[in-house]
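Peer 1: Given chain A's structure and the hints, the job is docking chain B onto it.
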Amino acid sequence: MSADDAAAQPTSAMLLEAWLGLEQDEEGFWARAVPGPPLQAIEERLTSVPTQFLDERVDIVALYSDVVGAAPSWLAVAARHPDARLAVAIGCWLAASTELVGPFHPPLPAKLIPLWISALAFRLASVSPPRQWLTVADRREEAARTILLWNMLLPAGEDLTTARSLFDARDSLARNRLLTTVAEEYRHRMRLVRELEKKRAAEAAARYTNV
Amino acid sequence: MSDHPDDPDLHGGVDLPEYEPQAAVVLTDAERWPTLTPDGAARLDAVRTHPSAPAWVHAAGDRLDAEGIVAAATPLPTGDWLPDHLAAARELPAYRGIRDRLRALDDFPLVTRDDLLADVSRFVPLGADLDGIVQATSSGTTGRSLVLPEHPVVIARTFHLLHRLAADAGVTWEPDPARMALANVIRQRQAFTYASVLSGFRQATMARLNLDPAQWPEGAAGRAAFLLDHDPQAYSGTPTSLAELLDPRLVAGLHPLVIFSGAMELSAALRDDLRSAYRVPVIDVYGLQETGPIAARIDDGPMTVLDRRVHVEVLDPDGRPTEARGEIVVTAGENPLLPLVRYRTGDHARLTTLPDGRLALDDLEGRAATVFRAADGRGVPSVDLVQHLQAASVRAWSVVQDASGDVVARMVGGDTATAAARIAALLGREVRAEVLDTVADLGEGKPRRFRSDATVG
Numbered sequence: 001m002s003a004d005d006a007a008a009q010p011t012s013a014m015l016l017e018a019w020l021g022l023e024q025d026e027e028g029f030w031a032r033a034v035p036g037p038p039l040q041a042i043e044e045r046l047t048s049v050p051t052q053f054l055d056e057r058v059d060i061v062a063l064y065s066d067v068v069g070a071a072p073s074w075l076a077v078a079a080r081h082p083d084a085r086l087a088v089a090i091g092c093w094l095a096a097s098t099e100l101v102g103p104f105h106p107p108l109p110a111k112l113i114p115l116w117i118s119a120l121a122f123r124l125a126s127v128s129p130p131r132q133w134l135t136v137a138d139r140r141e142e143a144a145r146t147i148l149l150w151n152m153l154l155p156a157g158e159d160l161t162t163a164r165s166l167f168d169a170r171d172s173l174a175r176n177r178l179l180t181t182v183a184e185e186y187r188h189r190m191r192l193v194r195e196l197e198k199k200r201a202a203e204a205a206a207r208y209t210n211v
Numbered sequence: 001m002s003d004h005p006d007d008p009d010l011h012g013g014v015d016l017p018e019y020e021p022q023a024a025v026v027l028t029d030a031e032r033w034p035t036l037t038p039d040g041a042a043r044l045d046a047v048r049t050h051p052s053a054p055a056w057v058h059a060a061g062d063r064l065d066a067e068g069i070v071a072a073a074t075p076l077p078t079g080d081w082l083p084d085h086l087a088a089a090r091e092l093p094a095y096r097g098i099r100d101r102l103r104a105l106d107d108f109p110l111v112t113r114d115d116l117l118a119d120v121s122r123f124v125p126l127g128a129d130l131d132g133i134v135q136a137t138s139s140g141t142t143g144r145s146l147v148l149p150e151h152p153v154v155i156a157r158t159f160h161l162l163h164r165l166a167a168d169a170g171v172t173w174e175p176d177p178a179r180m181a182l183a184n185v186i187r188q189r190q191a192f193t194y195a196s197v198l199s200g201f202r203q204a205t206m207a208r209l210n211l212d213p214a215q216w217p218e219g220a221a222g223r224a225a226f227l228l229d230h231d232p233q234a235y236s237g238t239p240t241s242l243a244e245l246l247d248p249r250l251v252a253g254l255h256p257l258v259i260f261s262g263a264m265e266l267s268a269a270l271r272d273d274l275r276s277a278y279r280v281p282v283i284d285v286y287g288l289q290e291t292g293p294i295a296a297r298i299d300d301g302p303m304t305v306l307d308r309r310v311h312v313e314v315l316d317p318d319g320r321p322t323e324a325r326g327e328i329v330v331t332a333g334e335n336p337l338l339p340l341v342r343y344r345t346g347d348h349a350r351l352t353t354l355p356d357g358r359l360a361l362d363d364l365e366g367r368a369a370t371v372f373r374a375a376d377g378r379g380v381p382s383v384d385l386v387q388h389l390q391a392a393s394v395r396a397w398s399v400v401q402d403a404s405g406d407v408v409a410r411m412v413g414g415d416t417a418t419a420a421a422r423i424a425a426l427l428g429r430e431v432r433a434e435v436l437d438t439v440a441d442l443g444e445g446k447p448r449r450f451r452s453d454a455t456v457g
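Line order of the protein sequences matches chains A and B.
Take the first sequence: its letter number 190 is residue 190 in my numbering, and every next letter is one higher.
Take the second sequence: its letter number 35 is residue 35 in my numbering, and every next letter is one higher.
The set of hints was computed from the structure by calculation and includes no laboratory data.
Quick caveat, the model's predicted, so the values are computed rather than measured.
Each hint should be verified, as a subset may be incorrect.
What the hints assert, rightly or not - Calculated from the model, a selection of chain B residues having no Cβ within reach of chain A, i.e. all distances over 12 Å:
id	residue
1	Asp100
2	Leu110
3	Ala195
4	Leu426
Stated by the list, open to error - Derived lysine to any residue pairs resembling SDA-like cross-links, with alpha carbons at most 20 Å apart:
id	chain 1	residue 1	chain 2	residue 2
5	A	Lys198	B	Ala30
6	A	Lys198	B	Thr353
7	A	Lys198	B	Thr137
8	A	Lys198	B	Gly132
9	A	Lys198	A	Glu23
10	A	Lys111	A	Lys199
11	A	Lys199	B	Pro317
12	A	Lys198	B	Leu146
13	A	Lys198	B	Asp119
14	A	Lys198	B	Asp131
15	A	Lys199	B	Pro34
Using N, Cα and C, we set each Cβ at its ideal position, and we do this for glycine too.
Only chain A is shown next, with the shape it has when bound in the complex:
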C-alpha cells in the first residue's frame, strides 16, 4: 500500500476492520451486562444533539479532548472518515450531556466512554450513517442499543435474551453481506495468525525433502 493510500479516507470496510482490530469482547460484555437506563432516554438524548456538534468543520480531536480527555490512537483513523467523525461528535454530545442536561439512571460508567464512542465510530458508523441515527427510528434504536451494550448495560426492563434478540434484529451489520464477509475474513485472518504463532505450530513437523 502506498503512502497516498494510507492517508486516504478509510472505506466502510476499513472502519469495520478498525473496530475488529480493537478486539473487543462482545460476548463478555453481554455476559456481564446489568440493567441500565431505559432505551428511550438514550434515544431522546440522541435526537437533542445541538447543531454545532453536527457541523462537519468541527475538530473532533479537540472536541473529544475537551469532553472525554486524552485522544486515543484510533481517533486519528476516525477523523479521516466523515461518518466516523460525525459518530464521534454525537458520542461526545451524549457524554457531555450527562453534565449539561443531566445523568442517566443508572449512570453510564465514565471509564467506558472511549469504548462506546469507538463502537459508534467504527462498528456502527461502518454500516449505519450517523445522520440516520437522528432521523430514522430503527437506526436510532440501534445506536441506543449499541451505546448501552458497550456500557455493559441492558435496556431497562429487558432481560439478556430479549436485549440480544432485539439488538440482533436491529443490527445493520447482519444485513450488510459485504461487510459481514469482511468481518468473517478478518476473524479468519486473526485465527490463522494465532494458530500459526502457537508454539506447537512453530515446533513444526519433521520434513523429508528440501523443496
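Peer 2: Structure of chain B alone, referenced to chain A:
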C-alpha cells in the same frame, strides 16, 4: 532442480536466536510420535545419543496418530481433481469480488509469492480446520520469510512420495530396524537439525543432519562415524550437501539405496559422481515449499511432472501459454490449507509431452532467467552457459557478470579451463576463471548460480 530460495535454514551468516539448541522445542515425544513403541523409542534414542551425534538444534516429529499414518500413506486421488479444486479455490477470500468471473482455470489471475507474503489468510479457506496445523517456513533470498500453514499428514505424504519415486526407479526400500531410513541433509553454518521416527515406516529412524563438519563435535571424523553406524537407506538434500557424500571415507562405508536432490539445480557432473560412487539412482526433485514437489527426473532428460495434485502451465511474459521457454505456473492441490491456483514459481522451463503422454519440464532453470550480455550486445540466457558447464563436467559454479560486462566464473570440479573458454566464446568476452576445491567454497546456503548486472542492449 532450480536455484530456489525455499530452504528454511537460509538466514544469512548471522547467528540467529532460533538456532540456539532446543530453543523452539515444546512438544513431548508422545506428542511428536503418538504411536511410538518402546522399540521405536529405543531406535530414536540410539540416534539421539550416538557418541558422535551432532548437537541437535531442534526436535520434530511427524505427529501422526494411527489415522494419520493411514492417511499419509494414501495418496490423494489424482483423477479429475482440478474442477473440485477450482470450485474450492473460488471461495477463497482472495477472490472475493471477482468470483463470478472465475469459471475455468485460465480465468484465475496469477498469484505471486508477494501475494502470500501480504496476507496468506486470503488463500486459506474460511472453513479450514486449523487444529493441529504446523508452520512451514519459506525464506527467500530477498525479503521476508513466508510462513505457510500445513498439516502433518500433508507433510508426511512427501515421505511416501519419495518412496514411490524410488520404487519407480527400481529400488526396493523396506524398513530395516538396523539402519536409519532417511537422512535429510543440508550443509550450512546454521540449520535446524533433529532426529525423528517415521511412524508409517515401521518406526524406522530419520534425521535432519547438517553435514558442515564444524557442526559435529568430532568434526568430519565424527560425522563419518555417525553416518557409517546408522548407514541411512536414503539421502535427500541440497546438491551442496550431497557433494559431501563424495568424501572417500563415506563412499567406502555407506550403502544408500537411493539419493534425492532438491532445492537447487543438480549438475549432471555431480549427479554422475554420486551415481558412480554409490551405484544407485540419483533423483532430482523440483518443487517449492508453497506447492510441494512438482516434477522429478533421474537422468538428463526433462523433469517429469509428478502424479500428484499439481497442474503445471508454462506462460510467456504476457501470461499466455507458450510452447517456448516461459515461467512455470503451478496449481497445487495437495495442501487443503493452501489450495493454490496459478502460482508463479519464478522458475523457467519449456513444457513438453513425453512419449508416454506425461507432461515434463525441459531446460528447467531456477528463478528469473538470468541473461548475460555478449560483447556484441546480444542477450545470452544462462541456460546456454549451463550446457557448456555441464559438458565440461563442472560440478558447481557461480557465474557473475558486472555492469561493465566483465565475467567471473567460479567453478568446482571438471574441466574448468574448457568451460571458461566455451563461455568466453559464447559471450565473445574474456572470462576470468576461479577454480574452487569444494562446493562449499561457493559460499553458504544457495549461491546465486548466475547473476548479470549488465544491461542487454
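Peer 1: Evaluate each hint against the coordinates.
Peer 2: Here is what the structure says about each hint:
| no. | hint | result |
| --- | --- | --- |
| 1 | Asp100 | holds, 14 Å |
| 2 | Leu110 | holds, 20 Å |
| 3 | Ala195 | violated, 9 Å |
| 4 | Leu426 | holds, 31 Å |
| 5 | Lys198(A) with Ala30(B) | holds, 18 Å |
| 6 | Lys198(A) with Thr353(B) | violated, 44 Å |
| 7 | Lys198(A) with Thr137(B) | holds, 14 Å |
| 8 | Lys198(A) with Gly132(B) | holds, 10 Å |
| 9 | Lys198(A) with Glu23(A) | holds, 19 Å |
| 10 | Lys111(A) with Lys199(A) | violated, 36 Å |
| 11 | Lys199(A) with Pro317(B) | violated, 41 Å |
| 12 | Lys198(A) with Leu146(B) | holds, 16 Å |
| 13 | Lys198(A) with Asp119(B) | holds, 18 Å |
| 14 | Lys198(A) with Asp131(B) | holds, 11 Å |
| 15 | Lys199(A) with Pro34(B) | holds, 18 Å |
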